[in-house]
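Participant: Can you build the whole structure from these sequences, using the hints too?
Number of protein chains: 4
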Amino acid sequence: MKKKIQVGVIGAGRIGKIHASNIVKNFPDVEVKAVADIYAEQVKDWAAGLGIQHVYSDYKKIIEDKEIDAVIICSSTDTHSQITIEAAQAGKHIFCEKPIDYDVDRIHQALDAVKKAGVKFQVGFNRRFDHNFKKVRELIQNGSIGELQIVKVISRDPAPPPAEYVKVSGGMFLDMTIHDFDMVRYLTGSEVTEVYTNAAVLVDKAIGEAGDVDTALISLKFKNGAIGVIDNCRQAVYGYDQRVEILGTKGGISVSNDAPTTVVLSTETAVTADKPKYFFLERYMESFETEMKEFFNSVVNDKDTVVSGIDGLKPVLIGLAAKKSYEEGRPVTLQE
Amino acid sequence: MKKKIQVGVIGAGRIGKIHASNIVKNFPDVEVKAVADIYAEQVKDWAAGLGIQHVYSDYKKIIEDKEIDAVIICSSTDTHSQITIEAAQAGKHIFCEKPIDYDVDRIHQALDAVKKAGVKFQVGFNRRFDHNFKKVRELIQNGSIGELQIVKVISRDPAPPPAEYVKVSGGMFLDMTIHDFDMVRYLTGSEVTEVYTNAAVLVDKAIGEAGDVDTALISLKFKNGAIGVIDNCRQAVYGYDQRVEILGTKGGISVSNDAPTTVVLSTETAVTADKPKYFFLERYMESFETEMKEFFNSVVNDKDTVVSGIDGLKPVLIGLAAKKSYEEGRPVTLQE
Amino acid sequence: MKKKIQVGVIGAGRIGKIHASNIVKNFPDVEVKAVADIYAEQVKDWAAGLGIQHVYSDYKKIIEDKEIDAVIICSSTDTHSQITIEAAQAGKHIFCEKPIDYDVDRIHQALDAVKKAGVKFQVGFNRRFDHNFKKVRELIQNGSIGELQIVKVISRDPAPPPAEYVKVSGGMFLDMTIHDFDMVRYLTGSEVTEVYTNAAVLVDKAIGEAGDVDTALISLKFKNGAIGVIDNCRQAVYGYDQRVEILGTKGGISVSNDAPTTVVLSTETAVTADKPKYFFLERYMESFETEMKEFFNSVVNDKDTVVSGIDGLKPVLIGLAAKKSYEEGRPVTLQE
Amino acid sequence: MKKKIQVGVIGAGRIGKIHASNIVKNFPDVEVKAVADIYAEQVKDWAAGLGIQHVYSDYKKIIEDKEIDAVIICSSTDTHSQITIEAAQAGKHIFCEKPIDYDVDRIHQALDAVKKAGVKFQVGFNRRFDHNFKKVRELIQNGSIGELQIVKVISRDPAPPPAEYVKVSGGMFLDMTIHDFDMVRYLTGSEVTEVYTNAAVLVDKAIGEAGDVDTALISLKFKNGAIGVIDNCRQAVYGYDQRVEILGTKGGISVSNDAPTTVVLSTETAVTADKPKYFFLERYMESFETEMKEFFNSVVNDKDTVVSGIDGLKPVLIGLAAKKSYEEGRPVTLQE
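Protein chains in written order, with this note's numbering: chain B, 1 to 336; chain A, 1 to 336; chain G, 1 to 336; chain R, 1 to 336.
By construction, these hints were calculated from the structure, which means they are not laboratory data.
On a predicted model such as this, the values are computed, not experimentally measured, just so you know.
Any given hint could be a false lead.
Which copy? The list can't say, so a pair holds if one copy fits it or any two copies do.
30 Å max Cα-Cα, derived BS3-like pairs, lysine-lysine [said to hold, decoys possible]: (1) LYS314 x LYS33; (2) LYS167 x LYS250; (3) LYS223 x LYS167; (4) LYS115 x LYS17.
Facilitator: Put into structure tokens, the structure is as follows:
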């Protein structure tokens with residue numbers, strides 16, 4: 001019988017739990033041997049329920065465990081690059097939640113460590129594995145709409161996070177838009193060359209007081225000549241709004257939201273349909289499983305990961321440019 | 001630690017495998033202790049992969065196993081009632097795939113045995129647990145559309161079964177429409193009182209030669225005064241068509257198909273969207289899990305099952321009336 | 001300069017006014033010379049506003065006017081056949097609102113008179129000229145969906161007529177469903193051979209007391225082997241519901257309702273769209289103009305009309321069969 | 001009998017013909033007494049067909065006609081302001097096609113002349129009268145979506161104009177986007193304060209060689225704090241794309257395209273719907289009639305016009321700022 005891949009999950013918050021649970025349920029050839037969380041006591045029962053043997057408060061226990069082949073890094077963002085470096089040096093394959101870091105130098109250090117160690121490294125841009133967006137990319141790549149002209153991403157949360165969260169989030173562009181920066185790279189297969197940010201505080205003054213914005217239109221230029229705009233808001237009261245719309249010389253593509261049901265109720269007053277699926281857990285659950293499948297596929301078959309270190313770095317660079325553009329009120333090139 | 005419910009799966013064809021796999025993955029408190037299939041040799045590897053300890057060719061081994069609390073009957077239809085009787089007599093809770101039997105007397109015998117033994121019994125009308133149809137029922141029950149007037153079910157398969165299958169299927173009304181007979185009972189909360197079948201062989205002559213039809217409009221009268229029509233076809237080339245449409249005195253409800261993605265491609269020639277999800281495995285996978293959850297909930301909490309023995313019997317009675325109506329070219333009442 | 005076609009409009013109720021106004025506005029080569037209405041006094045101002053010279057209380061003045069080339073018969077149904085006969089004998093081309101008559105013998109007499117006189121005769125089945133349904137027929141005729149299997153027409157009014165109207169209407173099948181009987185003939189290019197009516201009084205008891213039904217599912221068999229069902233209700237509170245749905249061996253066609261706008265409002269509670277266009281004036285206005293255009297085209301270019309006398313007769317025959325089926329509770333063939 | 005309003009139409013190209021024909025057909029209280037066109041000979045037959053008495057090659061004949069109450073200015077853009085001045089001085093009410101002029105000083109001169117003369121003046125921003133956009137504005141104004149946050153206009157032509165046209169068009173921002181600049185003012189009820197243009201030549205190099213762009217994303221800031229983006233392209237191969245999408249604190253509004261039919265064809269390969277209505281004549285025909293109705297309503301009832309001189313000026317100012325932004329690669333405020 002084939003030996004199972006042994007995995008350690010570092011950070012058992014919301015996303016860490018999702019990944020651990022997905023692996024236990026759906027990956028018979030993978031075993032979650034250990035979980036590390038600074039609040040180890042609080043995750044014990046949950047881990048036991050999944051049959052995970054070890055729960056540590058110190059992630060280093062996982063790094064030091066020679067039997068563990070791969071780590072899933074789901075701890076707070078400020079620890080990602082450091083843990084990546086340590087895990088790489090210990091020869092472990094790495095799945096790292098986004099963003100790798102808010103600091104570009106530290107990202108480079110982490111990626112250097114990965115390169116040196118020759119381990120697999122995948123960043124958690126799960127939306128690439130979403131059924132809708134995957135098909136958009138396929139249609140673009142197979143030439144269905146010709147050359148790209150306009151790329152639009154709509155990405156709005158159902159409700160704003162607390163101001164406390166906003167303060168440590170790295171700002172909307174690195175916390176929320178970063179997914180969309182990845183999405184435009186993924187869809188277009190091209191790099192962003194210039195960014196202009198038109199943003200405002202229109203949802204919650206506390207977000208403004210925390211030094212951030214909550215509503216933005218980020219205008220983009222791409223290397224391949226196309227132009228684009230990302231549309232973000234921390235609050236869309238009708239629910240999680242996740243769409244893209246692409247115009248090319250031979251056609252257009254649009255994606256509408258997924259809804260819980262297709263039921264339409266028509267009464268004397270209105271024709272009513274479902275709101276979109278509530279938030280990312282409902283909307284993207286399938287993609288969390290698929291990205292993990294791709295990661296283990298890379299590990300087992302010694303293939304390149306489908307979301308590389310560079311794919312982790314670039315959205316951070318675009319995010320920093322978007323922030324600068326907002327602060328300076330001018331278009332900012334990615335070369336600056 | 002709480003003792004796990006021990007389960008035996010009888011019949012490991014397509015649907016048996018789905019149930020077994022669902023239980024293993026998603027029910028940590030349930031254990032599939034054994035599987036029985038007349039082709040035991042062919043299912044061994046699959047069972048091992050799921051960690052199922054025992055694979056028998058004779059289902060009686062499961063019936064005789066005192067540790068087994070419940071059976072999931074997924075064998076061929078002609079064996080359902082017999083196994084139900086034996087399992088009931090052995091004191092096991094029973095989840096039985098639809099239909100219970102093609103023979104009304106044998107259904108009664110099976111239900112009598114269940115009643116006598118006091119075990120739980122649930123029939124596999126999984127579509128009741130579908131997200132779309134569940135919401136339709138909720139809207140009807142909460143009075144959103146007032147009194148029911150017209151109930152329409154559209155239920156078409158993507159491709160016809162082989163004529164060989166048709167011959168042993170019990171005929172379209174008991175094999176395919178039976179789901180829809182259950183659906184109208186579930187949605188309306190009322191009983192069918194009269195049936196008129198308008199049917200033809202329009203897909204495949206071999207189906208006609210096998211003594212069956214492949215296309216039908218089955219007109220219904222309900223006890224609550226509403227009227228309805230079920231629309232069946234063994235072949236809709238654009239895919240599995242599963243919709244309902246209800247008219248009431250205060251409004252209407254409609255359900256459209258689920259599609260793999262929401263992507264729309266617009267080109268010089270057309271605006272194109274996805275076809276429906278391909279077939280019942282793609283379309284109803286979630287409902288197979290939910291019905292099982294409800295079954296174990298009934299077992300553990302000693303509650304009535306949500307799809308009772310009567311719910312298993314009635315659609316067979318309607319199906320037989322539909323068949324008679326077709327054969328005699330006249331409306332047939334359920335009282336006859 | 002070419003001589004204008006001179007027209008007399010007989011009956012200036014709602015539909016008569018629509019036709020007269022359409023001709024005045026959109027047919028520069030046609031002149032409405034006279035209008036006849038038993039309430040001549042009440043339509044005088046309206047006629048003057050359109051520049052119509054003569055308003056008579058007796059339609060015979062129009063029949064006797066040698067200058068008048070064609071009549072548009074919009075009077076009450078019981079007068080259609082008589083006026084048709086007189087107009088034909090006077091050599092006038094005839095556009096006659098539906099139905100020609102409730103009495104089959106009188107229809108035959110009228111059609112005989114038309115034939116003998118060699119005048120053009122078109123029946124007012126305007127829905128044939130609707131943008132949606134015209135395209136459905138084109139797709140069927142060009143083979144887009146192969147051989148027809150299932151034909152469904154949904155046709156529901158937003159609100160029931162007063163019981164007073166119902167009493168003189170000829171009954172729902174001849175008053176309302178007659179449009180749908182024409183539609184299935186138009187769409188399929190085939191004849192109805194058998195009818196089974198499943199109907200009830202579910203909207204307004206007064207309609208039942210007037211001897212009529214208000215909700216019906218009329219099951220159909222066609223000469224080409226296809227089967228179908230017409231779905232009627234005198235009241236759909238969400239508005240005028242006018243759809244068709246066709247299944248063929250190579251595909252399916254569906255038509256949804258036209259709405260006043262495409263605006264969708266999404267709020268915290270719901271995603272809301274427009275109800276359908278309110279009633280036939282809003283929904284079918286364009287088709288009233290088009291049918292008139294086709295009529296004058298037949299007159300001017302001496303072509304067969306696009307809705308012939310037979311097309312006027314057949315739906316009445318189907319309607320009478322539908323009525324009989326309802327009364328006798330059995331399928332009725334059109335040959336009986 | 002009330003005296004009819006006498007109208008002169010100046011310029012009988014495509015849009016002039018539409019207005020003249022609309023008035024003749026639908027405004028019984030208005031008479032098109034004369035048409036002026038520099039190619040008088042070419043429009044003679046068309047005018048005769050509509051019963052228009054006079055066709056002049058010199059528009060001054062209309063200005064000098066004391067009986068004429070109002071002029072409809074549909075001549076080439078470079079003549080609008082001059083004719084406006086002359087018509088105002090002659091005391092005639094004025095409906096003027098957009099834009100009033102490409103030169104801001106000349107617009108001011110025209111508006112001054114209008115003011116001095118006290119005549120009515122309406123600019124041809126017909127899209128304000130479109131069923132879809134009118135409803136969007138209503139929903140915004142009645143508070144359905146709370147405070148505005150993001151305003152998006154999608155406005156794409158089905159096919160690019162010839163480069164010859166582009167050269168004299170005033171450039172995309174003044175020729176095409178000007179409608180969208182008006183739309184955002186109309187929808188938001190707020191003024192644009194800053195513009196940033198992200199544009200490119202992606203459709204036709206000849207357009208670039210003519211000194212223009214063909215694809216643009218124009219980022220906007222509004223006085224009320226909202227932000228917005230207009231999305232333009234000279235070519236959307238799938239047809240005329242005319243949509244808006246608004247996000248507010250209490251909800252979102254979206255408008256999709258109008259299509260010729262609601263027919264959906266589902267086959268083995270795809271689910272296909274109609275492309276949008278082809279171009280502005282098909283899409284906006286109704287609005288041309290409605291804007292005229294509003295104009296005559298202002299004239300007859302001595303009310304302010306619904307699209308004022310300021311409404312004609314502002315979009316030109318925004319267009320010029322958009323052009324400057326593109327040329328200088330920076331955001332441009334409307335105050336500069």
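Participant: If a hint holds in the structure, say so; if it doesn't, say that too.
Facilitator: How the hints compare with the structure:
Neither within a single protomer nor between protomers do LYS314 and LYS33 lie at most 30 Å apart by alpha-carbon distance, with minima of 32 Å and 50 Å respectively. In this assembly of identical chains, LYS167 and LYS250 lie within 30 Å of each other by CA distance solely across copies; the values are 25 Å between and 44 Å within a copy. In the homo-oligomer, the alpha carbons of LYS223 and LYS167 lie at most 30 Å apart only across protomers (28 Å), although the nearest pairing inside one protomer, at 33 Å, exceeds that limit. For the homomeric pair LYS115 and LYS17, the shortest alpha-carbon distance inside one copy (28 Å) is at most 30 Å, but the shortest distance between copies (43 Å) is not.
Violated hints amount to a single one, hint 1; each of the other numbered hints is respected by the structure.
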